[in-house]
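Here the protein sequences line up with chains A and B, keeping their order.
Take the first sequence: its letters are residues 1 to 325, numbered as in the working numbering.
Take the second sequence: its letters are residues 1 to 325, numbered as in the working numbering.
Please note: incorrect hints may appear among the correct ones.
[Stated by the list, open to error] Label pairs and their in silico Cβ distance ranges:
hint : chain 1 : residue 1 : chain 2 : residue 2 : range
1    : B       : His94     : A       : Ala302    : 49 to 59 Å
2    : A       : Ala233    : B       : Gly118    : 38 to 48 Å
3    : A       : Ala302    : B       : Pro20     : 55 to 65 Å
4    : A       : Glu35     : B       : Thr128    : 33 to 43 Å
5    : B       : His94     : A       : Asp16     : 42 to 52 Å
[What the hints assert, rightly or not] Among the chain B residues that face chain A by a calculated CB cut under 8 Å, a handful are:
hint : residue
6    : Leu28
7    : Tyr117
8    : Gly118
9    : Glu277
10   : Thr319
11   : Phe320
12   : Ala321
13   : Ile324
14   : Gly325
[To be verified] Computed footprint of chain A on chain B; a stretch qualifies when at least three of its residues, placed anywhere within it, have a C-beta under 8 Å from a C-beta of chain A:
hint : region
15   : 46-58
16   : 280-287
The set of hints was computed from the structure by calculation and includes no laboratory data.
Predicted model, so just to flag it, every value in this text is computed and none were measured.
Every residue gets a Cβ at the ideal spot worked out from N, C-alpha and C, and that includes glycine.
Okay, here's what each chain looks like letter by letter:
Number of protein chains: 2
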Amino acid sequence: MDHALPTLADVKAAADRIAPLAVRTPLLSSPDLDERAGGRILLKAETFQRTGTFKFRGACNFIRLIPAERRPAGVVAWSSGNHAQGVAAAAALHGVEATIVMPDDAPAPKRAGTERYGATVIGYDRTTESREEIGRAIAAETGATVVPPFDHPWTIAGQGTVGLEMAEQTAAAGHVLDAVLVPCSGGGLVSGVAIGLSGSHAQAEVYAVEPADCDDTARSLAAGERVANPPDADSICDALLVPIPGEVTFEIMRSRLAGALTVSDAETLRAMRYAFETLKVVLEPGGAVALATVLAGRFAAAGRTVGVVLSGGNVDPGTFARAIG
Amino acid sequence: MDHALPTLADVKAAADRIAPLAVRTPLLSSPDLDERAGGRILLKAETFQRTGTFKFRGACNFIRLIPAERRPAGVVAWSSGNHAQGVAAAAALHGVEATIVMPDDAPAPKRAGTERYGATVIGYDRTTESREEIGRAIAAETGATVVPPFDHPWTIAGQGTVGLEMAEQTAAAGHVLDAVLVPCSGGGLVSGVAIGLSGSHAQAEVYAVEPADCDDTARSLAAGERVANPPDADSICDALLVPIPGEVTFEIMRSRLAGALTVSDAETLRAMRYAFETLKVVLEPGGAVALATVLAGRFAAAGRTVGVVLSGGNVDPGTFARAIG
């Protein structure tokens, strides 16, 4: 591994670093959800973060840590859409040029959002090309700094501020988290959240939640080593299609997580509908998987205080209409 | 008038009374919205209240004030849907039977929501029958207590807790509200909010916001007396179709409001779409009108700190899909 693992001190430093720009998102509760679950569910609504997902946190922390002399060459990133928007928005706020490599089949609002922040978007074919190769070639040519979507301590520390805030907000409300459920793809968010919680909530069980057919984290944890999804693995959760856990994130996850859970796409769609009908929060599929585990009874929340990260809400109107219809 | 006007002390008492059951909804902010408006916009998200709208507050306060000996006879209310759900939910939590008179063309989720809380729903034809007559006949027959949707000091004091919380949350964030924009139909919410703000935010300008074709409050304030909408007045804002301001609410509005604003249905639909795309909050048409005034430039928010009440999110999937599509 190239990097030392990020620590709670890194997450706290990231929190101070991004505080002027990131939204301190609310911790919501719903009497209806509590009744259904038979426990106390606290929802960390990263849907209300800049760009509609938690990704802004990691991107902002990373970009602020790029040495001043390297910033004029810009940044480059690859992403199915949410990291793209996070990097584009964070770069724009710091006067840094951003180039984003996005799949041609990314949801339209994610591409539009990325371009709206002034980034240059370069498309690629998700089935035949490597976004990482394209991105690294651009970086080599232009001197731009690569902003990794998850497998870097600076990115992880930024995402970890979600966990730190959950710990602070839960304590302020007079509660203690027994468990925390976090949507997972490359593992940047869940590993960061586990670190962010490790100060005041060291006892809290942290679970990664994945789509059933993209359960590389669950299988990697079981195997004790990084295992990839089959090449044809797919899910409606376009934000959760990374094929294998990161190296840094896996080291953190294997030592800090209580486990990994999975949900079917049908359960995820039902969670999106529930969020529309009852919570009044717009969730994208990947942002709904942790909520889905509670609603589908795949995690026993009864009698416990459970944090659930609603990680994003960037969904195109057609997909959303189908989910709620 | 039958009633003394509610006071700030009444609103504070209501806040204590409903605190065990009502959600203290968050005050959201959005960097994107602030940029568009050129000011600081603070969104009071009553969408996250029990039953999806502020109506639970007034209903809960009212029902808790019904003398114990009258509760066994139950309560009765009439409503296009949101007051219905508020009363049904509050009644259920207090073990009181509720009968609700609702128009046959009320949005399906509002009727379903009302029945889900165990209330008995009685339909009527909005164009030929009087819901108030039907409701009062039931009350006379059964001895049930009428829970008025807006024109009663107990109801108004309950809705006023929205204003009280906005004042507290804004102060806690280190800001001061220059103006507050509130969706308005019968006037219970906006008159309550004006009273709730009158302690720490006596200088804040409070505006009622109405659909352009249902601007009875605007015309009543201009005329200095209660003026009704024409019988054929209509709007997509099904929650804002009360034909004339209440007597109690008008007395409060004429003395406390800075004015009334209107928005077109098209502007309201655009605000719903913006809330979906950027805020990630589900709004019903009537819940979006105050936000619409800011987005449509009908209220000059530049350089000011402006509170905007997102009053409700009970919208059927078909209407929502059309708004965001």
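Okay, the hints, checked on the actual structure:
1. Checked against the given bound of 49 to 59 Å, the beta carbons of histidine 94 of chain B and alanine 302 of chain A, roughly 25 Å apart, lie outside it.
2. Take alanine 233 of chain A and glycine 118 of chain B: their Cβ atoms lie about 45 Å apart, and the range 38 to 48 Å holds.
3. Evaluation of the 55 to 65 Å hint for alanine 302 of chain A and proline 20 of chain B yields a failure: the beta carbon distance comes to about 22 Å.
4. Distance hint for glutamate 35 of chain A and threonine 128 of chain B: a CB-CB separation of about 39 Å, consistent with the stated range 33 to 43 Å.
5. Between histidine 94 of chain B and aspartate 16 of chain A the Cβ separation comes to about 47 Å, which falls inside the hinted range of 42 to 52 Å.
6. Satisfaction of the interface hint for leucine 28 of chain B is found here, the shortest Cβ-Cβ separation to chain A being roughly 6 Å, below the 8 Å cut-off.
7. Given hint, tyrosine 117 of chain B at the interface with chain A, is violated; its Cβ is 10 Å from that chain's nearest Cβ, farther than 8 Å.
8. The interface hint given for glycine 118 of chain B is violated, since its Cβ lies 13 Å from the closest Cβ of chain A, which is over the 8 Å cut-off.
9. At a threshold of 8 Å, the smallest CB-CB gap from glutamate 277 of chain B to chain A is about 7 Å, leaving the interface hint in force.
10. A hinted interface residue such as threonine 319 of chain B counts as satisfied when its beta carbon comes closer than 8 Å to some beta carbon of chain A; here the least separation is about 11 Å, so the hint is violated.
11. Interface hint status for phenylalanine 320 of chain B: upheld, as the beta-carbon distance to the closest one in chain A is roughly 7 Å, under 8 Å.
12. Here the hint on alanine 321 of chain B is kept, as its CB sits about 4 Å from the closest CB of chain A, short of 8 Å.
13. Checking isoleucine 324 of chain B against chain A: minimum C-beta separation of about 4 Å stays under 8 Å; hint holds.
14. Because the beta carbon of glycine 325 of chain B sits about 5 Å from the nearest beta carbon in chain A, less than 8 Å, this interface hint is met.
15. With a threshold of 8 Å between beta carbons, the proposed coverage of the region 46-58 of chain B by chain A holds, since 4 of its residues qualify and at least three are required.
16. Counting residues of the region 280-287 of chain B whose beta-carbon sits less than 8 Å from any beta-carbon of chain A gives 4, enough to reach three: the coverage restraint holds.
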